[in-house]
Amino acid sequence: MPRLNGPVGFRGGGFAPRDNAWASAATLLGLVALWQLAASAGLIKSVFLPPPFAIGAALWHLAISGELWKHLSASLVRLGIGWIVGTIFGIGMGLGVGLRSAFRSPAMAVVAALFPIPKIALVPLFIIWFGIGEGSKIVTLAFGVFFPTVIATAGGVDNVQRGLIRMGQSFGLSTWTIVRSIVLPGALPAILSGFRVTSSIAIVLLVAAEMIGAERGIGAFVLSAGNLYDTDNLLAGIVVLSLLGLAVAWAIGRLERLLLAWR
Amino acid sequence: MTGLRLSIEGVRHAYRDLTVLDGIDLIAEPGEVTVLVGPSGCGKSTLLGIAGGMLRPDAGAVTVSGDIAADCLNPLTYIFQDFALLPWRTVAGNIELVLGKCATPRERVAEVLALTGLTAFADAWPKQLSGGMRQRVGIARALAVRPACLLMDEPLSALDAQTRDLLLEEFSAIIARAQTTTIYVTHNLAEAVRLGQQIVVLSRRPGRVRDIVRIDRPLAGRGARDPDLLAIEESLWRMIRDDAATAERERIDAPA
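Protein chains in written order, with this note's numbering: chain A, 1 to 263; chain B, 1001 to 1256.
Derived from the structure by calculation, the hints contain no laboratory data. Note that the coordinates shown come from a computational prediction; the quantities given were computed from them, not determined experimentally. No residue lacks a Cβ here, since even glycine has one placed at the ideal position from N, Cα and C. Just to be clear, a hint being listed does not mean it is correct.
Pairwise CB distance ranges, derived in the manner of DEER restraints [stated by the list, open to error]:
(1) B:K1127 to A:S193: 17 to 27 Å
(2) A:S174 to B:S1040: 33 to 43 Å
(3) B:P1087 to A:I84: 20 to 30 Å
(4) A:G80 to B:D1067: 55 to 65 Å
(5) B:R1016 to A:F15: 38 to 48 Å
Calculated cross-link-like contacts (lysine to aspartate or glutamate; reagent style DMTMM-like; alpha-carbon spacing at most 25 Å) [said to hold, decoys possible]:
(6) A:K70 to A:E134
(7) B:K1127 to A:D19
(8) B:K1127 to A:E256
The following block holds chain A by itself, in its conformation from the complex (with noise of 0.2 Å):
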């Protein structure tokens, strides 16, 4: 028969990852550091892949002479139009869709047969709808924003615990009222998830856009510096999306913290 005599190894822990700011940063810097040693050494040309001390000086001289500005604001005009635009549409059907029978399967055969077509590919037949100038791409922006958006809203109703809704619909609560203060809140955190994954799609789509047919606009500015070859200028616009990215992701994990402190 087998005997057992000894301690008893430890077995648990980890499956725990945790977040470490400075490991993120340090790893940052660590990559631009080596890129700009590669770069200063001679083992990358600087025609296909400036360092950051160049790009570093193109993003001043554009800021400095206004044209970051004109670019930048234009950028930012589009992807707040569209982006508010989809999102309120999306939140409004998601709520129908998680909420009325009667809505819920011909809205989700619309989301399914629609949300897998490539937004980029609708950009020509918009700007035949809209126009070159600022309908088209702000449509496109908001058609690609709705769909996600609908599903992450309609996923988060569904979730909400239905007895946090017997318990309103038993204390004679209005519908709205229901909706405004148990539906709406119980999928905040599911809507809020879906913000990062939309507002991703809205930068990816506002870049799109904007190289085909505007004048303005980071993605514009950053196609007009690749067709000069003006890589400094080029890999200046593609930081400035990055930061875009890196700002919108802040104020959205702001936003939860803001409203899901309850968690």
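Given chain A, work out where chain B should sit, using these hints.
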């Protein structure tokens, strides 16, 4: 005597092909505590849902009659097993939510918080409270609407034994003071004899009224080790024991 008289007549209810209640006739008299007991799956919670208008019976009807207080906001008010508190609202916010039609909601919140010993926790989030404290919030919320009839669905079953005993005493005192018609669902026979003035024993599924036991003693004088109550508890257990054992063997979870 205040409170509503609630009559349940000929109620039948099925979840698809599964009949859970059949031919239920029952009257909850004004100001009296009616306790529903019976084996698992006999339809106690379903009957409570039908009594408060949260479920539509397949047959039969529930009627109420009697005067209600002028400041009553919700005559038939539930207290839930899982508390049903909104985690994104504070204690006071949870109570205020149901006071939409009240002219002075702040005052009423303060009043019920004081009544349930929660004044110091008005700004706490539900997640910061113990199970017992959360159920106190559930009680405070229910009392805030000045109910004419309280419908309690196993309100103590999610709590540990000590908290359950303490809250049971508080329930008893609150119900005795308010003289509100109460229907209380429990599977715990000790709770049933401590609170019930009319104990309705349901048979196993499909639930039918098997017996009604009356305890004509004031709630205030009922102790946990009262020999008379222990004897009633024992007789109730004898009544449902075989059904409970059979129900456990046959158990199929009916949809809620």
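Enumerated hints in conflict with the structure, sorted upward: Going through the list in order, the structure violates no hint and respects every one.
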